[in-house]
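Q: Sequence:
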Amino acid sequence: MRLTARARGACWAFGVLVLLFVYLPLAVVALNSFNSDRTFGWPPPGFTLRWWDLALHAQGPRDALRTSVEAGLGATAIALVLGTLLAIALTRYAFFGRQAISLLVVLPIALPGIVTGIALQSVIQSVLQPVFGIGAGLFTIIVGHATFCIVVVFNNVTARLRRSGTALEAASADLGASPWTTFRLVTLPLLRSALVAGGLLAFALSFDEIVVTTFTAGPGSPTLPIWIFQNLFRPNQAPVVNVVAVVLVVASVVPVWLAQRLDGAGAAGARL
27 MRLTARARGA CWAFGVLVLL FVYLPLAVVA LNSFNSDRTF GWPPPGFTLR
77 WWDLALHAQG PRDALRTSVE AGLGATAIAL VLGTLLAIAL TRYAFFGRQA
127 ISLLVVLPIA LPGIVTGIAL QSVIQSVLQP VFGIGAGLFT IIVGHATFCI
177 VVVFNNVTAR LRRSGTALEA ASADLGASPW TTFRLVTLPL LRSALVAGGL
227 LAFALSFDEI VVTTFTAGPG SPTLPIWIFQ NLFRPNQAPV VNVVAVVLVV
277 ASVVPVWLAQ RLDGAGAAGA RL
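Under my numbering, the sequence shown has 107 at position 81, and the numbering climbs by one with no breaks.
It is worth saying that the hints were derived from the structure and are not from the lab.
Predicted, not measured: the structure shown is a model, and the values here were computed from it.
Incorrect hints may appear among the rest.
[As the list claims (entries may be wrong)] What follows is a list of derived Cβ distance ranges for each label pair:
#1 A120 with D200: 19 to 25 Å
#2 R92 with I127: 31 to 37 Å
#3 L52 with R76: 18 to 24 Å
#4 G41 with P205: 47 to 53 Å
#5 C37 with Q256: 39 to 45 Å
We put the beta carbon where it would ideally sit given N, CA and C, even for glycine.
Could you build all of it, start to finish, from the sequences and the hints given here?
A: Shown next as structure tokens:
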């Protein structure tokens, strides 16, 4: 379909407005992290690295960052194992109830976060804590994040398996390779870039999650997004919050960008 010059101009203008609406506030937050005025006067009367130095040496943001990284790595590890196994089982094998299981796997990412959070909190208070003595904390955060991180890995691996087909695996089996050897030498190399991309996306999704974390985190284990939310309306912490927000944005954008690059390169290799 060919567009007129006026229609193309309108599309470009609308696209620019949408991008400005999304990214201009992020640019303001980044600029305010260097603003020498504690009240964020505009235009900035000067620029300083004082707030970055305070954030670097403040114990609260450092502990929250460590918790976010640990939770992200734990949820990503669980998602990689379970998401890959589920994708292989549901893509390579036909059995009764396969479609129902596939729906159950992808359902958590479609549910509202507050519903998932309330359900997980109920399990913690009714089962984990009274029966096993496991209260809300890092473990429950990891499990809660893994419920939706699995979907990201599952979708990535499923798409790659469907694109690559079964010819190479069938050839390996015809040559006498065992199922484990075929998986290790044929299937896994085909999935490598999809696994890395899915892992990076899962980590980014876990790192900036706040709704589910609110219901699964203990009082002494806030993640970085929770710490920002708790200190957002404290005037003395406002400059440091801007710095932490910039770090959070960068830590979320970089994995997504890398995953996009890897997934594109892997898809091209699979087509070849």
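Q: Confirm or reject each hint.
A: We went through each hint and held it up to the structure:
1. A120 with D200: 19 to 25 Å: At roughly 21 Å between Cβ atoms, D200 and A120 fall inside 19 to 25 Å, so the hint holds.
2. R92 with I127: 31 to 37 Å: 36 Å, holds
3. L52 with R76: 18 to 24 Å: 21 Å, holds
4. G41 with P205: 47 to 53 Å: For P205 against G41, whose Cβ atoms are near 49 Å apart, the range 47 to 53 Å holds.
5. C37 with Q256: 39 to 45 Å: 41 Å, holds
In terms of the numbered hints stated before, the structure departs from none.
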